[in-house]
Structure formats: structure tokens, C-alpha cells
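Student: The whole structure should be built from the sequences, with the hints applied where relevant.
Protein chains: 2
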Amino acid sequence: MSRPPHLAPVDLPQAYRLMNHGPTVLVSASYEGRRNVMAAAWAMPLDFDPPKVAVVVDKNTFTRGLIEGSGRLALSLPCRDNADICLAVGSVSAKDGVDKFARFGFASFSGQDPALPLIDGCVAWLECRVLPDAPLAARHDLFLAEVTAAWADCRVFRQGRWHFDEATDGLRTLHHLAGGAFFSPADLLQARMPG
Amino acid sequence: MSRPPHLAPVDLPQAYRLMNHGPTVLVSASYEGRRNVMAAAWAMPLDFDPPKVAVVVDKNTFTRGLIEGSGRLALSLPCRDNADICLAVGSVSAKDGVDKFARFGFASFSGQDPALPLIDGCVAWLECRVLPDAPLAARHDLFLAEVTAAWADCRVFRQGRWHFDEATDGLRTLHHLAGGAFFSPADLLQARMPG
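For the protein sequence lines, the chains are A and B, in the order given. The numbering used here numbers the first residue of the first sequence as 1 and each following residue consecutively. The numbering used here numbers the first residue of the second sequence as 1001 and each following residue consecutively.
Bear in mind the hints are in silico, worked out from the structure with no lab data behind them. Quick reminder that beta carbons are idealized off the backbone N, C-alpha and C, glycines included. Be aware that a few hints might be false.
[Said to hold, decoys possible] Facing chain B, a subset of chain A residues (Cβ under 10 angstroms, in silico):
# : residue
1 : 7
2 : 17
3 : 136
4 : 161
5 : 169
6 : 190
[Unchecked claim] Only part of the chain A face toward chain B is listed, based on derived beta-carbon distances under 10 angstroms:
#  : residue
7  : 4
8  : 5
9  : 24
10 : 42
11 : 52
12 : 54
13 : 87
14 : 91
15 : 133
16 : 182
Tutor: Structural data, given as C-alpha cells:
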């Protein structure tokens, strides 16, 4: 499909800002004509510039094989409006023969890398190249990756900052508590130096 | 000082739940009679049982030397009531000769490990043993650690779950946006399987 209407590129040195507040992400990849997507609450920034991320991807996921085959992964940040998708892709496995895109009726689009599926309906996207570290993956299911392109929905992220307080409720990111229950960020607080 | 009045132990298999929603943490450590604390937005769970965490600690921090010397670190989860402390400890360095505990007037207490300072006024605490991986630390400033004990303020975390919606506003965790501006989790949403 074509790109979402509110998609805007994010400057790479500001890409870490997309994940600084700890959102749950969707991890997607494609390899040899297969594509897949899964949910991951364990993801975080790892460096500023060039931006890097760290994400835990279990050995038993179908997506992991696609990541290891292609050396690429994408992180899409779901929002309240597509929380059901987030639960769904985290609850079934493509290893059981399920095409999650078809089954749950959601679309993907391409950013910079035509082979990397970005998930429609999300509010930010990071395209990444995996930094090979086989022992780290084998021992801890941990993948480190450099962000090669980043995008955000400009209604809710612009000028290097999230603007949740100014956007509609449904565009806020998801932060997984447990069992498909999510919090969203609210109530911006500006801390001050004591004394 | 003595332990906070609302402190309750968290079963280790549920310790990942403390950080699953992506809060900013305070990282503390002590070594050879020196102690320190710093703020870190880049921390996440790494495994369930035994629970492990991953946290980025920059080479230029004083805390890093204490972690590498002792092989131990603690994560304390600040809340809205002590957001100013969170900004303060992230804004000055003990390398400049500052004793942050004295300067900002906050206390620490001990959990299981008497040498590990846990930060008073926070809402959850994880005591950790570093899993030695010198190349990972040198290359990416990334530390992996096993959680050996976990604690939470039972007013806001109990039975393996955060209960932000039922607690006072000031006990909600902090999620760093930028420049000392923090969001807090709100508006619990229960996702449902589509179709």
C-alpha cells in the first residue's frame, strides 16, 4: 500500500526520542518472500548518533528467523487505535501457519528499504540493520541494530518530540502492563532542579 | 535509614513486570566506600526467570566505575513525587566531586545486599548482579544483569501488577520525553482479539 498520509521523516539523531519513553513495539521483518510481525515490550534505544536500538526476540518466534536471514528488522510503534492488533500479533505464531497480515486484516507499507514491512496504523517506525552478534542472540535473545531510517506520524511527533497532550487520545503509544492491558503516556510533568 | 513503610518483596518471576511498561530508572552502585546514583531512560527487562535486565550506562559516568568494581547495580524506579531528584541526579556528575545524596538531600536504604543503595522515595527497586561481558560494555555501554531481589511500594504495585489507576497521582512512574519532561502511565486499556 502507499505510505500513510501523516508520515514524516525523523532526523536520525532524534530517532532515539521515539522510544525514550519506553513504548511497546511491533517487530517485523521479511526474508525470501515471507514476512511476519510480532509484539515486543522489551525494546529500548542503545545509542544517539548513529542511533541504535536493542530488542529481545525469542528463539521460538517465526520473526526471528526472518531477522537472522535478512539482517534487517523494523520497529513500528502501535497506538491505542490499534491496540487490538498489538495483542493479536503477540498471541498467535506464524509458525502455526498463520499469515497475520491476512488473518487480522492489517496493511504494511515501505519506507526506505522496500523489503522491510512497516505496519500501517502505527505512529512511528524505525528501519534497522542488525549488528551481528551471534553469541548475544544465542545466549540472551538480544538483538542490537542500527537505525537507518525513522518515520513518525506528524500529528503526534514533530520537532523531535512527542506531543501526546495535543493529539487525539487514540494516537498515544502503548506500554504493556500484562495480559493485553496497556497504559498510555499522559500528564506531562516538567521536573525542576531542587534547591 | 530504615526501609520505607510500604516496601514489599516482589517474587522474582514477577520482577520483569516492574519494568515491562518502560519506565525511566535510577541506577545506583557502591564500591570501596563510594556510592553514586544516576538516571537512565534506557533500561528494559531481558528475561523472565531468573529475571534479567539490560541497562545502558555511559563510560563517562562515575556510577559506571562503581558497577564495574563491585559487579552489582540497583535500579530504583522514581515517580512523580520525586521527579526533581530524577532530573537532578541526571544533571550533575560525581566526577565533579558532587556527593549527590548530600547535595540533593535524598536517602538510601538497603534491601537484601547491604552494600547496594536503594533510593528512598521511589516505587520499585531491583537489586542486580552484573553478568560480565566486557566487550558489550566497551562497545555499546550495555550492561546485562540478573535480578537477585526485587521490591515495590505495595500502594501501587501488588499481586504482580501496577495499580496506577487506584493510587495517588504522585506514585506513578516516570517516562522521559526530553529535557526533564516526563509522561506518566494512565488510561488503562484492555485490548481484545480482533474478529
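Student: Could you work out which earlier hints the structure fails to respect and list their numbers in ascending sequence?
Tutor: Of the numbered hints given earlier, those the structure breaks are 1, 7 and 8, listed in rising order.
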